[in-house]
Amino acid sequence: MLYFSKLRITIVTLTTLLFVTIASSNFFKPESYFLDKKINLGLDLQGGSYLLLEIDNGPIETLKLQNTTTIIRNYLKDKNILFTDLRILDKSILFNINDDNIEKVELFFTDKESQINPYYIQYKSHQFDLSILGNQFKLEFSKYGLVEIKNSSQDQAIEIVRRRVDEVGTNEPNILKRGNDRILVELPGLDDPMRIKSLLGKTANLTFRFVTQNDNDTFGVEELSFENEENSALVSKRIILSGDNLLDAQPQMNNQTNETVVSFTLDRVGAKRFGKATRSGVGKQLAIVLDGKIVSAPVIRDAIISGNGQISGNFTFQSATDLSLLLRSGALPAPLNIIEERTVGPDLGQDSINAGVIALTIGFLLVIIFMFFKYKIFGLIANITLLLNLFLLIGILTLFEATLTLPGIAGIILTVGMAVDANVLIFERIKEECRYEKNNIIAFDTGYIKSKTAIIDANITTLIAAIILFFMGSGPVKGFSVTLAVGIFTTLFSVYFIARLLTGLYVVKNKEKVNLI
Amino acid sequence: MINFNKFYKLFNLISAILVILSIIFLLFKGLNFGVDFKGGTIIELRVSDKQINISTLRKSFNDMNLGDVNVKKFGNERDFLIMFEKKDIKPDNIETIKKNLTLSIGNSFNFRRVENVGPKVSSELLKSGIIAIVLSLAAMLFYIWIRFEWQFSLGAILALFHDVIITLGFFSLLGLEINLSIVAAVLTIVGYSMNDTVVIFDRVRENLRKFSDIKIFELTNISINETLSRTIITSTTTLLALVSIYLFGGEILKGFSLAMILGVVFGTYSSIYIANPVLVFFGVSQKTILKEDK
Chain S
1 MLYFSKLRIT
11 IVTLTTLLFV
21 TIASSNFFKP
31 ESYFLDKKIN
41 LGLDLQGGSY
51 LLLEIDNGPI
61 ETLKLQNTTT
71 IIRNYLKDKN
81 ILFTDLRILD
91 KSILFNINDD
101 NIEKVELFFT
111 DKESQINPYY
121 IQYKSHQFDL
131 SILGNQFKLE
141 FSKYGLVEIK
151 NSSQDQAIEI
161 VRRRVDEVGT
171 NEPNILKRGN
181 DRILVELPGL
191 DDPMRIKSLL
201 GKTANLTFRF
211 VTQNDNDTFG
221 VEELSFENEE
231 NSALVSKRII
241 LSGDNLLDAQ
251 PQMNNQTNET
261 VVSFTLDRVG
271 AKRFGKATRS
281 GVGKQLAIVL
291 DGKIVSAPVI
301 RDAIISGNGQ
311 ISGNFTFQSA
321 TDLSLLLRSG
331 ALPAPLNIIE
341 ERTVGPDLGQ
351 DSINAGVIAL
361 TIGFLLVIIF
371 MFFKYKIFGL
381 IANITLLLNL
391 FLLIGILTLF
401 EATLTLPGIA
411 GIILTVGMAV
421 DANVLIFERI
431 KEECRYEKNN
441 IIAFDTGYIK
451 SKTAIIDANI
461 TTLIAAIILF
471 FMGSGPVKGF
481 SVTLAVGIFT
491 TLFSVYFIAR
501 LLTGLYVVKN
511 KEKVNLI
Chain G
518 MINFNKFYKL
528 FNLISAILVI
538 LSIIFLLFKG
548 LNFGVDFKGG
558 TIIELRVSDK
568 QINISTLRKS
578 FNDMNLGDVN
588 VKKFGNERDF
598 LIMFEKKDIK
608 PDNIETIKKN
618 LTLSIGNSFN
628 FRRVENVGPK
638 VSSELLKSGI
648 IAIVLSLAAM
658 LFYIWIRFEW
668 QFSLGAILAL
678 FHDVIITLGF
688 FSLLGLEINL
698 SIVAAVLTIV
708 GYSMNDTVVI
718 FDRVRENLRK
728 FSDIKIFELT
738 NISINETLSR
748 TIITSTTTLL
758 ALVSIYLFGG
768 EILKGFSLAM
778 ILGVVFGTYS
788 SIYIANPVLV
798 FFGVSQKTIL
808 KEDK
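Top line first, the protein sequences correspond to chains S and G. Under the working numbering, the first residue of the first sequence is numbered 1, with each subsequent residue one higher. Under the working numbering, the first residue of the second sequence is numbered 518, with each subsequent residue one higher.
Note that these hints are calculated values from the structure, not bench results. A virtual CB, placed ideally from N, CA and C, is assigned to each residue, including glycine. Hints are not guaranteed to be accurate.
Derived BS3-like pairs: lysine-lysine, alpha-carbon spacing no greater than 27 Å straight-line [what the hints assert, rightly or not]:
(1) S:143 - S:112
(2) S:452 - G:615
(3) S:202 - G:727
Over the 12 Å line for every Cβ pair with chain G, so calculated as not near, a few chain S residues [stated by the list, open to error]:
(4) 62
(5) 152
(6) 370
(7) 515
Can you build the whole structure from these sequences, using the hints too?
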C-alpha cells in the first residue's frame with residue numbers, strides 16, 4: 001500500500017542523508033568529519049604510471065638444474081652407484097644407470113623422504129618428474145616444481161622491487177603480485193617513470209672476481225666485456241664476494257682523483273672474506289662485475305681488511321647514486337621485463353576529470369529537463385530521486401574507497417541515463433492502470449507491483465554484464481564495471497524507497513485528482 | 518496503435534543485410550585493433566609550437582626507425598596521437614624517442630600519455646576480452662532461459678548478436694580503434710539490449726496469460742505498443758547521457774560512447790524487430806507459458 005510507517009520514512013531519510021553526507025565529504029574538507037574517506041582517483045585521472053613486470057625465470061631454472069646435477073653427482077658417488085653420461089639437455093637432467101641399480105636409484109627420486117627430489121606435501125608432487133627409458137633416467141621439473149620456483153622468485157623479486165621503489169621515494173606506490181610470475185607497480189603522480197624503469201630493469205647482481213690469464217682455473221673462467229663494450233677480460237668463475245655481503249653503498253666524490261665513486265661497507269662475513277682474498281691477491285686485478293659486465297678491474301695494492309671499499313668506473317653522480325641504490329636494495333633473483341606500461345601526465349588527468357564533470361553535468365541536466373517536461377510533478381520526483389541516486393552512488397564508492405577511473409565516470413553518466421528507466425516503467429504502468437482504475441491509490445499500487453518483474457529482470461541483466469566485466473576487465477575498465485554495478489543497486493534503492501515514498505505522499509494528498517499523471 | 522508487425526518482414530530483411538554486410542566487413546576489412554590488443558606503443562603528445570603539424574611529426578617519427586608509424590590529430594590542433602607497433606619494450610625506448618624528437622622539432626612538446634603494451638599482454642587482453650563477451654552472452658542466454666521459455670531466450674540472444682555484430686561492423690567500416698573500453702562498451706550494450714528486450718518480453722508473457730484468443734503475431738504488437746513510451750523515454754534519456762559523454766567527455770571516451778550510442782539505437786530496434794519476430798516464428802502461445810507455470 002501507499003501508506004508508509006513513520007519508522008520507514010525515518011529510516012529512508014536517514015540512510016539518504018547519511019550517504020549524501022559521505023558523498024559530500026569528497027568535495028569539502030571539513031575538520032570534524034567522522035569519516036575521512038575519499039574516492040581514490042585512478043591513474044588515468046590523477047596521472048601516474050602503471051608498470052607490469054614479468055619475471056624471466058629461465059635463468060633460475062637453468063641454475064637450479066645445474067645445482068641439482070651437482071647434487072645428484074655427489075649423492076650417487078656417495079652411495080657408490082655407477083652412473084654415466086650425466087648431463088643437462090633441454091631443461092631436463094639425463095643420466096644412465098646400469099640394470100642392477102635401476103630400482104634402487106628410482107627410489108631415491110620417488111621416495112617422499114627423498115633428499116634430492118623434494119616432495120611438496122601441499123601439492124602432492126615432487127619437484128622433479130622422473131621417467132625411465134631403458135637405462136636412461138630423465139628428470140624434468142614437475143608442474144609444481146616450476147610453480148614453486150616461480151612463487152619463490154616472485155616473493156623475492158617483489159621485496160626488492162618494493163625496496164627500490166621506496167628508495168626513489170614516490171608517493172604511495174602500489175606494488176602487487178599478478179599471477180605467479182608478474183609484478184604490478186602503480187606509481188601515482190609519476191609522469192616520467194624513466195628512472196624507476198631503468199632501476200627495475202637491472203638485476204644488480206654484483207660480484208667481485210679475480211681477473212686471470214690462464215684458462216685452467218679450477219672454477220672455470222669466462223670472458224666478460226667491460227661496460228664500454230670495447231675491451232674484455234678473462235675472469236674466474238670463483239666468486240670472492242657478492243652483493244649479498246653489502247651492508248651499505250653510497251655515492252661519493254673521491255677527492256684525489258676528482259671522480260665520482262660508489263663506496264661500500266661490507267658485513268662481517270664479507271669483510272673477512274674480502275680481507276683474506278685481497279691479502280692473497282695483492283698485485284692481481286679484481287674485476288667488479290655487475291650483471292655480467294665488468295664495471296672496473298682495479299689492481300689490488302694492499303689487503304683491504306676494514307670492510308670498506310670503493311667502486312670506480314666512469315660514473316656520473318646520477319649513475320653512482322643509482323648504482324648505490326641498487327646495491328643497497330639487493331639483487332633481483334631474476335631479470336624483470338616490462339611487458340606493459342601506461343603513463344598518464346597529471347595535466348591530461350585533470351583535463352579528463354574536467355571533461356568528465358562537464359559531461360556529467362550536461363548529461364544530468366538534459367535528462368532532468370526531459371523528464372520534467374515529460375512527467376511534470378512526477379518528473380520532478382524522478383529528478384529528485386536521480387539526484388539522490390547520484391549521491392548514494394558516490395557515497396557508496398566513497399565508503400568503499402573505490403577507485404574512480406575515466407570509464408568509471410562514464411559509468412556514472414550512463415547510470416544517470418539508465419536510472420530513470422525504472423521510474424519510467426513504473427510511471428507508464430501507473431498511467432495504464434489509471435485508465436481502468438478510478439481509485440488513484442489502487443492504480444499506483446498496482447503500477448508498482450506489476451512493473452516489478454520487468455524492472456528486476458532488466459537490472460539483473462545489466463548486473464550480469466557488469467559482474468563479468470569486473471572479473472575479466474583490467475584497470476580502468478574495472479572501474480567502469482564497479483560504478484555500473486553499484487549504480488544498479490542505488491537505482492533500485494532510490495526507486496523503491498525514495499521515489500516510492502515521494503510519489504506515495506503526493507498521491508495520498510491528491511487521491512481525488514483526475515489525470516494525476 | 519502502431520502496426521509494428523506489418524514491417525517484420527521488411528525489417529528482418531534489412532537486419533539480415535546489415536548483419537551480413539557487417540560480417541563481410543569484419544572478415545575482409547577486419548577490426549582496427551589498438552595497442553591494447555595488437556601490442557605496440559601509443560604516445561599522446563601536445564605541442565605548444567603552432568609550427569609543428571601532423572606532417573612534421575610524421576616525418577620526425579618516420580626517421581626514428583620505429584616501423585609503421587601512425588600519426589593523427591587527437592581532438593584539437595595541438596594534440597596528436599602517435600601509434601606504432603614495435604614489439605620489444607626496452608625500458609629506455611620512450612626516453613630515446615623523446616631525445617630524438619627534441620633533436621628534430623625542439624622541445625616545445627610534452628608527452629601527455631604513453632601506453633606500451635607487449636605482445637604477450639596484448640594477446641592475453643584480447644583473449645580475456647573475447648571470453649568476457651562470450652561469457653556474458655552465455656550468462657544472458659541462461660538467465661532468460663530460466664526466467665522465460667527457450668523461445669524467448671533464443672529471440673533475446675539473436676537480438677544481442679544482431680546488436681553486437683552490427684556495432685562491430687560499424688567500427689570495421691569506419692576503421693575506428695578497438696581498445697579495452699570498446700569491450701566494456703560492447704558488454705554494456707549486451708546488458709542494455711537485454712534490458713530492453715526483457716521489458717517487452719515481460720509484457721508479452723503477461724499478455725499471453727491474459728488473452729488466450731489473440732495470436733502471437735497480434736500479441737507481440739500489442740505488447741510492443743504498450744511498452745513503447747517507456748522504450749522511447751528510456752532510450753532517449755540514455756542517449757542524452759551518452760551523447761553528452763561523446764561531445765564533452767574528452768577524446769579518450771569518444772570511441773566508447775560512440776559504440777554505446779550505436780548499441781542503444783540497435784538494441785532498441787532489435788528488441789522490436791528481432792526478438793519479437795522470433796516468438797512469432799516459433800508460434801509461442803499461452804500453452805508455452807502455462808507449461809512453465811505448472
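*If you check each hint against the structure, which ones fail?*
Hints 2, 3, 6 not satisfied by this model.
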